[in-house]
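*Asks:* Residue strings, one per chain:
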Amino acid sequence: MDPRQDLTSSIALGSDRIARLLGVIAERGFEALVVFSDGSCNILRASYLQYVAGVRPMGPACAVLLASGDVRLMVTPAWDAERIAAESWIGEVAGVASLATALPSFLGERGVRGAIGLAGGNAMSVGVYDALSQERAIVPADEAVEAVAQVMRPDDVALVHEVAGIADVGFEALLEAARVGIREYELVAEIEHAMRLAGADDNFILIGSGPHNEAMRAPVDRHLDLGDIVIVEITPERGGLFIQLCRTVVLGEATRVLADRYALLTRAFEAGAAELSAGVPVSRMAVTINRMLAEAGYGEYCRPPYMRTRGHGFGVGSIGPGMVIDEHTDHVLIEDQVIVVHPNQYLPETGYLACGETFLVKRDGAERLARTQTRLYLRGAQPC
Amino acid sequence: MLSPQPVLKLGRDVWNRDALPVEEFEARIGRLRAVMSESGAAAALLYGRGPDSHGHVTFFSHYTPKLPLAALLVVPIAGEPSLLFQGASRGLPAVRATTWVGDVRACRDVASAVVALLQERHVVEGTVALAGVRELMPHGEALLVADALRGARVVQIGAEIDRLRAVKSDREIEQVRAASRLAADVLDRIATLAVGRTGRVVEADLVRAARWGGAEDVRVMIARLDSGVVRFRPPCFAPVDDGRVAVHLAVARERYWGAVTRTFEVRSTGFVDVSSGAVRVRESLFARLRSGHTVAAFAREARAALSADGVEALDGHGLGHGIGVTSMEPPILTVEDETPVRAGMCFVVGAADVTADGALSVRGDTVVVAPEGAIPLTGDHRT
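For the record, the sequence lines run as chains P and V.
Using the working numbering, you'd call the opening residue of the first sequence number 132 and step up by one each time.
Using the working numbering, you'd call the opening residue of the second sequence number 856 and step up by one each time.
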C-alpha cells in the first residue's frame, strides 16, 4: 500500500511543513517564499518543491507561499495540473503555460512588491528569473527549507527505513540475477525491476564489470564472465529520498589479493561510519577512512581520479555536507541527517571497488539502515 | 508527450558505430557550420541539460547526459569541437566511449568551463552563436557566459538547429524505426500480464521488457478512459483491473526515441488491444501528414477531418510532435507552427476515437513523412 494514499496522514505532514515554512517567512521578513523545481529529480541535489508540495512535477513548477498564509502551486505542463492537485497536499493548484508570465503576474495580483525568498533557484532559467526579479528583491532561501527539513517527523523517518528496505531488495535481486553470460544492461534491468516492484518511484543504478574496473557507469553490452568483479551503486528513490548501497560481487572465487584489499576497505568503512554522530564534524569520517588507507600504503589513491568522495547526504535536510565529503568539508552532523559512507576506491591491484551504505545520524552514533551486510560477495558462476 | 524525468538514464549506453558512423556526425557539423557562416559566427555554443533537454548536444556529439546535469558542445567554424560535461573526471572513459568528439572535458559547471575554453581559444570577440543557453541554462551560469561574451556579437541559432534536426537522415530514420518497433513489441506484451496489478507494476514490467530490448530510457503514461476524457498520468498505485485504459510507451534506444499509444480493455482474462477501433484516427492523420504544406495547414486540415469523423485530438496533448534524439521536439503539430512539412521528418501522432460501442479509443504511432503521406514506424500489423 502506498503510504501517500493515506490522505489524512499526508495532509497532516504537508500542513506541518508549510506551517513551519510560513514561520520562516515571518522570521526572515519575506513577503513570499517561492520554491522552484525544473521538474528534475537529482540524486545529489534536494528537490525542495517535492518536499514542500509532496509531489513531483514533470516540468518547471513552483510553490508560492505568501506571508498571509495563502499557498499556490503553479505547474507546467498545464494539463498535468489535475494529477498534481490530486496528489499534493497544497489545495490551490494552477496549470500554467509559462512560469515566466504566470509567476510575476500572480505575485502582482497579490500585491507582493518586497523581498522574496527563493529556494531551488539555482535551477531556474534566465527567462523565469528575470521576470521574477524585475520588480522584487530576490533572497536565496535554500537553507531556510533545509533548516525546516532537518527537523524530521515520524513519517519522514519511516520513509527513510522504507527506502532502505527497497535498496536491500535491489541488492538481493543482483545476487539472484548475476551470472556468467548475462549482459550488464540485463542485470541492471533485473535490479531496477525488483526495486520498482518493491515501491521505488525511480532508481539510480551504476555498474562496472570485469577483472579490473576503472569506474562505475551506465551499463553496456558486456557479458559477465567467470572471475568478473561486479561493482554497483544501488540507489532507489521514493518521495524524493534516496538511499544507497555500494556493493562488490565476484563471479566465482575471489583472489587472495582482492579479498585482502576489500577487507581493508571494509575496515575503513566501519571505522569511518563509527565517526558519524550528531555534533561531530563529518570530515572526521573522511579523515579516518583516508588514514587507514594511507597506513596500508594507498595514500596517493585517496584523491581523484582514484576516488570522488567519501560520502554525501541524501534528501532535503541532509545535503548540508554538499556533494563531496572529504577531509576539508566544513559541516557538523545533525541528528536525523541521512548520510552515505562509501570508501569507493580504485586500488592498483584490484581496480575500482564499491563499498558503502547509508546511515541515519543519531545523537550518539548512527543507525545503519541496510539489512544486508557490507562485505565482499561471491556468486556461483553457473551460466545463464 | 511529456512525462516525468528519470533520476538517471540507467539503461544500455552504447555508440553503435555501424548505425551512426563518424561521417554521419561530420555531415551534421557541416550543416551546423553552414548555419554559422550565415551569421559570421566564429564558434557555436550548444547547451543541453538533463534527460529531456539535451537534444542539440546529443545530435551533434552523440553524448547524452545521464543525470539532470548539463553538457555543452563548442563548435568552432574550423577545427575540432570540444565537449564539456558536468561530472567527475572518472566518468571520462565512459563518455569517450560514446562520442566521436576527441576533446572531452569533465567539469563542475559548464559555464565556468566554457568561459575558460573560450578564453583559451580566443573567441570572446567577434560573433558567437548560441543555442539552448538562454532557454535552458540556469540564470547564474548564463550571467557568467554573458559576461564573458560582452565583447562579442551574440546570435541565437536554436530555431535554425531545430529545423536542421527535424529532417532525419536515412540512418536516423532507421534508428527511430528500431526504437519504435521496440516500443510496439514491448507494449504488445501487455497482453500477457495478469490483471489486477497496479499501474506501477504494469510500468515495472514494461520497463523491464524494454530494458532487455536495449532501452536506455523508458517512459510510461496511462490514461483511464472510463470518464470519457483522456488524461494521461504517470502510473500510480491504483489497480488497473477493469475498464478501458490507454497506455503510452516511449523508448529510447541507441539515442533515438520511438513511441506508441494503444488502448486496452481490461477484462478478467487480461488486457485486450482495442486500438483497431481507432483506425479512423490513422486514416485522418497519416494521409494528410505529407510534404508540400506547413505543419499549421496539416493541423487545420487534420482537426477538421477528425471533427467531421467524430474523432478528437487529445485534450492537452494535441495532434503530436517531432521525435528524434529527444522524446518530444519541434515541430509541434499545432495550427500556430508554420514549419514546412518535409520528407524525412519523424513525428508521434495520435488522437482519440469514439468506437461503435460509444467508448473512447486512443491510438498513437511514430511515423516518418514520405511524399505520399506518413508511414508508420511502429508496425501496422494491429490495424
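Hint data in this document are derived by calculation from the structure and do not stem from the laboratory.
We put the CB at the ideal spot given by N, CA and C, even for glycine.
Keep in mind that a hint or two might mislead.
Said to hold, decoys possible - Far from chain V, by Cβ distances over 12 Å, these chain P residues were calculated: (1) Glu277; (2) Glu458; (3) Glu480; (4) Thr503.
As the list claims (entries may be wrong) - Selected chain P positions facing chain V (Cβ under 8 Å, derived; list incomplete): (5) Arg267; (6) Asp333; (7) Gln504.
*Asks:* For each hint, tell me whether it holds in the structure or not.
*Replies:* Consistency of the hints with the structure:
1. Even its closest Cβ contact with chain V, about 19 Å, leaves Glu277 of chain P beyond 12 Å, as expected for a residue assigned away from the interface.
2. A cut-off of 12 Å between C-beta atoms confirms that Glu458 of chain P is not in contact with chain V; the least separation is 18 Å.
3. With a least CB separation of 18 Å from chain V, Glu480 of chain P remains clear of the 12 Å interface cut-off, as annotated.
4. The non-interface label for Thr503 of chain P is consistent with chain V: the shortest C-beta to C-beta separation is roughly 20 Å, beyond 12 Å.
5. Interface hint status for Arg267 of chain P: violated, as the beta-carbon distance to the closest one in chain V is roughly 15 Å, over 8 Å.
6. About 4 Å separates the beta-carbon of Asp333 of chain P from the nearest beta-carbon of chain V, less than 8 Å, and the hint is met.
7. Because the smallest distance between the Cβ of Gln504 of chain P and any Cβ of chain V comes to about 25 Å, over 8 Å, the interface hint for this residue is violated.
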